[in-house]
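Enquirer: Full structure from sequences and hints, please.
Top line first, the protein sequences correspond to chains D and A.
Sequential numbering of the first sequence, starting at 6, is according to my numbering.
Sequential numbering of the second sequence, starting at 154, is according to my numbering.
These aren't lab readings, by the way, just hints derived from the structure by calculation.
A virtual CB, placed ideally from N, CA and C, is assigned to each residue, including glycine.
Heads up, a few of these hints could be off.
[As the list claims (entries may be wrong)] Computed Cβ-Cβ distance ranges for the label pairs, DEER-style: (1) A:425 to D:55: 22 to 30 angstroms; (2) A:207 to D:282: 43 to 51 angstroms; (3) D:241 to A:436: 46 to 54 angstroms; (4) D:258 to A:156: 24 to 32 angstroms; (5) D:55 to A:459: 22 to 30 angstroms; (6) A:381 to D:223: 35 to 43 angstroms; (7) D:196 to A:264: 44 to 52 angstroms; (8) D:136 to A:231: 32 to 40 angstroms; (9) A:192 to D:294: 57 to 65 angstroms.
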Amino acid sequence: MVFNIKSINSELILLIIMGELNVAVIIKLEPDFSEGNVSYNPDGTLNRVETKNTLGPHSAIAAHAAFYAKVMYDAKVSIGTMGPPMADLALQQAQQISDAEELHLYSDRLFAGADTLGTAEVLKTGIEKMQGKMDIVFSGHRASDGETGQTGPQTGWKLGFTFLGNVISYNVDLKTRMIRAKRLISLQGVPDVIEEVEAPLPVFISIDPTYKSSFDTVSQRLSFQKYQKEATGRAENYKEYFKVFDAQQLGVDKTLVGLPGSPTIVYKVEKVPKSTATRQAEIVDGSNHEQIKKVVARMKEALSAMVIK
Amino acid sequence: MAENYRHLYVVIEHIDGEFLQVSLEMIGEARRLLDDFNSKYSSNEKVVAVILGYNIKDMSKQLIEYGADVVIYSDHPELKDIRNTIYTKVISQIAQDKKTLDEIEPLYAGEIKRPRYMFFAADSIGRHLSSTVLTELESGLASDINQLVIEDIEMSHQQKTGGSKEIYAKTLEMYRPDFSGFLWTTILCLDNRNPAFKRDYHPQACSIIPGVFEPLKQDPKREGKIIEFIPKIDERDLRVKILSRKVIQSEVDFETPRTIVSFGRGVKDEPEQNIKLLEQLAKELNAEIGITLPISKKPFLVSQALDLKYMIPDRVIGTSGHKTSAMLYIAAGVSGAMQHVWGMKDSGFVVAINPDENAPIKDECDIFIKGRMEDVIPMLIEEIRKQIHIIEA
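Expert: Written as structure tokens, this is what we have:
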């Protein structure tokens, strides 16, 4: 086929040559640990009944990373989550951040009680049901309540995508379909390292907590504003973009999800036993100036005694 | 009944020819667990260290000296840098390689399919590697473990056993502290014996928090078996290219200062004002400021300057962050969750400021100042100015 180049708008040509970018984010509804919303039991454990729920903070960062692709590459953003019906709140919050056009909730009693492997199976199946073939899938670093950080990489591996962890920034070359990303590697006992890697799409990215999008040019900032406004409009009418899938609609293998698909179980939960006191504390009345004076003298002694040694 | 799973595999991490400390700690713990296991079950299962890299053959012997019975190594230029995809593939190949399993214990040749247990480090490498390897092996994983016990467990479980009573012999109980630090959850990885969806879940795997377990002393007299595994490398698993690696210096320094002032959720009544007070206190003592893990999740609104400077993961003292052995450690409004205590317990002299006398930090300090930091810190600052700056000058 021969194109009459002059009759086609140049942006369109660019789009034909380079193709579009589809990105997805997997997110989680979590207890809201912010002051005023979180409630603790007298023994220091989380009071799950009183504590409100919200989009997890690491999920929010992943949504910001997806929005970066929207602003920079005009990407189409989809979001998926597994959870109870009320998790639509988290989808709406993530849409407000990322300007997503597609919101998926995977919700079924059969999914309940899943460990990370059983959860990853649901998320993988859901991502494959999203419109368009995904080029990048983002997840947060880890959930604030479960804190395993396993679900992201496990979903990525099930999808067969290249996994990039602890990503702090990235850029995509739409022409070559390659991604360049910086990763922060922290290991005990050695200095932190920033590693720059390159990989062909598709990739699965677990985003580092320190990730921050930066928009340097005027045109990027204008797109940023435009899409932010669009996101607000969409989030107000999030139900238009929202779809719920149960196990049957997803077409998952029922032995691979929920409890049957979970190798691990929580066997018991106990209070951490009080460690035998390692130090014998002297108790001092904090309102007594004379006593505070003595405390400082002891502090001074501690600092100087060790210097001599 | 023949058993299809034997041995404990430990995935070793190393950088520039040096083992990461956590690798030696894992071998130490593996050794202790299996010594007990072998005497309890009159068995002879092995601690197997798995090491990947390039020009690493000489490191294998050292792993034996640190307590491994067997070392399986893969030496290949493509394994020089740690890349998740190819590392996941090769470790999974090793875990399922019949020939290697036969070589470990010829007595059981042909019977063993996979390791019984598997350890990874809970760090930037091992966290992700354990997740992808266990997905490839389709088995269970528990993360951030700080205690391990092996026991026979009798249980009836609606899903796992279909409600009937079963004995799960030689089960690894994996203990992990939850995010609050006050609860300890035990995770088990169990085969599905329910006739409706029978499936084996082995190895039973976990990632282990660095710094928790003691390594063994290196003993040159210790002997063991070293086995080379030739990896099957598929071009498609080499798609990630590493372009550069840059070492970065953290702006937070917990090594040099003699004093660390840390704060926890106790700042909550007046977070902005309290953090500024702590800043002043730290300045008087020439101290670095540390935080507890919950603070890094930004539970309060404070000015952006304080937020960006202090409520960041880099300042966390505890299992998710740094460990300190400061001469003087002042914990203000810190309850004393076990993760935090792990990070500060090696300090010289510990002062806690807390209104609640029942807070666990009381058992971890030398002086417990009962009171609100709003009231106590100004007095401390006043006294420090009178007493301490003289020797600092």
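Enquirer: Taking 44 to 52 angstroms as the stated bounds, is the beta-carbon spacing between residue 196 (chain D) and residue 264 (chain A) within them?
Expert: 46 angstroms, holds
Enquirer: Is 24 to 32 angstroms a correct range for the gap between the Cβ atoms of residue 258 (chain D) and residue 156 (chain A)?
Expert: Given about 28 angstroms between the Cβ atoms, the range holds.
Enquirer: Against the range 43 to 51 angstroms, how does the distance between the Cβ atoms of residue 207 (chain A) and residue 282 (chain D) compare: consistent or not?
Expert: 49 angstroms, holds
Enquirer: For residue 55 (chain D) and residue 459 (chain A), compare the CB-CB distance with the range 22 to 30 angstroms and indicate the outcome.
Expert: 28 angstroms, holds
Enquirer: Given the hint of 32 to 40 angstroms, is the C-beta distance from residue 136 (chain D) to residue 231 (chain A) inside that range or not?
Expert: Given range 32 to 40 angstroms: holds, Cβ gap about 37 angstroms.
Enquirer: Does the beta carbon distance between residue 425 (chain A) and residue 55 (chain D) stay inside 22 to 30 angstroms, or does it fall outside?
Expert: At roughly 26 angstroms between Cβ atoms, residue 55 (chain D) and residue 425 (chain A) fall inside 22 to 30 angstroms, so the hint holds.
Enquirer: Take a look at whether the Cβ-Cβ distance between residue 241 (chain D) and residue 436 (chain A) falls inside 46 to 54 angstroms.
Expert: Hint holds: Cβ distance 47 angstroms, inside 46 to 54 angstroms.
Enquirer: So does residue 192 (chain A) sit 57 to 65 angstroms from residue 294 (chain D), Cβ to Cβ?
Expert: At roughly 60 angstroms between Cβ atoms, residue 294 (chain D) and residue 192 (chain A) fall inside 57 to 65 angstroms, so the hint holds.
Enquirer: Is the hinted range of 35 to 43 angstroms satisfied by the C-beta distance from residue 381 (chain A) to residue 223 (chain D)?
Expert: Taking Cβ atoms as reference, residue 381 (chain A) and residue 223 (chain D) lie about 58 angstroms apart, which means the hint is violated.
Violated hint for the displayed structure: number 6, the only one.
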